[in-house]
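J.: This is what each chain is made of:
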Amino acid sequence: MAQQVPLAEDLFTWPAEEPALIGGRSSDGKIVFPYRSHKLVGGVNEELERVELPRRGTLWTFTGQRFRPPSPPYAGDDTPKTFEPFAVGYIELPGALRVEARLTEADPDKLHIGQEMELRIVPFGTDADGNQTLIYAFAPVGAEEGHGDGSE
Amino acid sequence: MAPSDVAIIGTGLHPFGRYPGKSALEMGEDAVIEALADAGVEWSAIQALYAGSMEVKNPEAIVGLLGLTGVPGRAVFTGCATGATSLAMAANAIRLGDADIAIAIGLDKHPRGAFSDHPSVSGLPGWYGEAGLFLTTHFFGMKINRYMHDFGITPITLARAAAKAFRNGAANPRAWRRTPMTEEQILESQYLNYPLTQYMYCSPDEGAAAVVLARADLASKYTDKPIYLRASTLFSRREGAFELLSPSLPLETAPSPTVFAAQAAYEQAGIGPEDVDVAQLQDTDAGSEIIHLAENGFCKDGEQETLLAEGATEIGGKLPVNTDGGLLANGEPVGASGLRQIHELVTQLRGRAGDRQVAGTPRVGYAHLYGAPGTAAVTILST
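Same order as they appear, the protein sequences are chains A and B.
According to UniProt numbering, the first sequence is numbered sequentially starting from 1.
According to UniProt numbering, the second sequence is numbered sequentially starting from 1.
Wrong hints could be hidden among the right ones.
[What the hints assert, rightly or not] In silico contact screen, one side only, chain B against chain A (beta carbon under 8 Å); selected entries: (1) H118; (2) G123; (3) P125; (4) E130; (5) N145; (6) Q190; (7) S248; (8) L249; (9) P250.
Derived from the structure by calculation, the hints contain no laboratory data.
Every value quoted in this text rests on a predicted model; they were computed, and no experiment measured them.
Yeah, the Cβ is synthetic: ideal placement off N, Cα and C, and Gly gets one too.
Taking the hints into account, I'd like the entire structure generated from these sequences.
T.: See the structure below:
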């Protein structure tokens, strides 16, 4: 039977009651996303610690994507006819970093810098084995689960 | 001003636009022929060649069209900063004594639509492209959105920058977009990437440009109006800079590479922003031009709102910017775009810009490029 699988390994904890994005922390306290196993820190090739990133943050900036991105590389299930515009933004995760993500709310009039946002794991496409792929996104806090129209 | 050991003695342009059936190399050939005629030198006199292109893997193959003289020919690519790099490398060949006369060439022919590639070419994971995030245009929308929020820039200022570009394009017989547009038309066109609308973006297109350089002490043999190369700098991004194609950014921020390229260039030239008479700033979109005015030291963050309202960046203003219509009116053949800027500055500094000529006797020209993967370059020229 087809399963739900993350779009890529090590993006977020899954399956999980409360999924979180996965980052890599070096000994100087700095965090990178996406997770990678090692990084040069002060001239030393350091192994990074896997850490879960905060699930909530604030919208630092955003924009919209009106047309279906060139495919490949884009691998959404939609077609140029069924494509729905989406928004992209950076969410400032306190104490961690700013992460770039799709937003569940596409209408720029319903988004503003500084807005409280929370992590959602949402269906995205279909992989080569027929599994439904899942991607991380951020929703305005209080937005209905599963709709993504931002209504409160 | 610091002395200069390299002079530009000729420039040529194959106008940017769409040319079905004509190859990028053929456009490059036309640009080189024009530059050689402008410099008054024969092709066989060129002793070093640096050619930049994004779509043509071996742009130095242009020698097959121009004549097989055995000239050392090398390909150059640094994204949108390619034109500055080919110019700098040609100048360095002269400084090193490898050549007395060298040429920098840029040529490109992009397919229609947004640039597209596999994320791995930029060191990014495959899922980033699958997810629809591998688009440079997102960065431009997000950077100006945040900038407007932080510094009180409003949409009319974006529209003013775009309207100026099309006005300058209309005055430039070799521009691609030559139809003036009102600020209302620009604001009312659809969003491509909020808050940027369709007419606030440049498009990839086709074209070529070429610049002939010579040892400064030989320049007067070829031209009575040599234009001297005073500075050329290039910097990549630093940790914390808000740059294109970044899946994440650290909380601690750093200035854009443009800031470092500008500071180093002013230092090399021994001048300051107040000495610049005409500037070409990377205007991938209207927001970029506004941000780059501040990052290059021409104003403080936020002052653009008043400056553009006063017409400061118009051809008749105190700092004319993108006098040939910039990227917005010419499009961007990536390998050639930086040399188009140089062509325009040389044209202005020689007083040959016709309807779009900057008044008085402009002495100092400034060219700035910025693009993926977070690279900025600055070139300063003077009479």
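J.: Each hint should be assessed against the structure and marked as holding or not.
T.: Against the structure, the hints come out as follows:
Hint status for B/H118 relative to chain A: holds, with the closest Cβ pair at about 6 Å, below 8 Å. Violation of the interface hint for B/G123 is found here, the shortest Cβ-Cβ separation to chain A being roughly 11 Å, above the 8 Å cut-off. With a cut of 8 Å, the hint placing B/P125 at the interface with chain A holds, because the nearest CB-to-CB distance is about 6 Å. Restraint check, B/E130 versus chain A: the minimum CB separation of about 4 Å is within 8 Å; hint holds.
Interface restraint check: B/N145 against chain A, minimum CB-CB distance 5 Å, threshold 8 Å, status holds. For B/Q190, the shortest C-beta to C-beta distance to chain A is roughly 7 Å, which falls under 8 Å, so the interface hint holds. Taken as an interface hint, B/S248 checks out: its beta carbon lies about 4 Å from the nearest beta carbon of chain A, inside 8 Å. Taken as an interface hint, B/L249 checks out: its beta carbon lies about 4 Å from the nearest beta carbon of chain A, inside 8 Å.
Of the supplied interface hints, the one on B/P250 holds, with its beta-carbon coming within about 6 Å of a beta-carbon of chain A, less than 8 Å.
The structure is inconsistent with hint 2 alone, although it conforms to all the rest.
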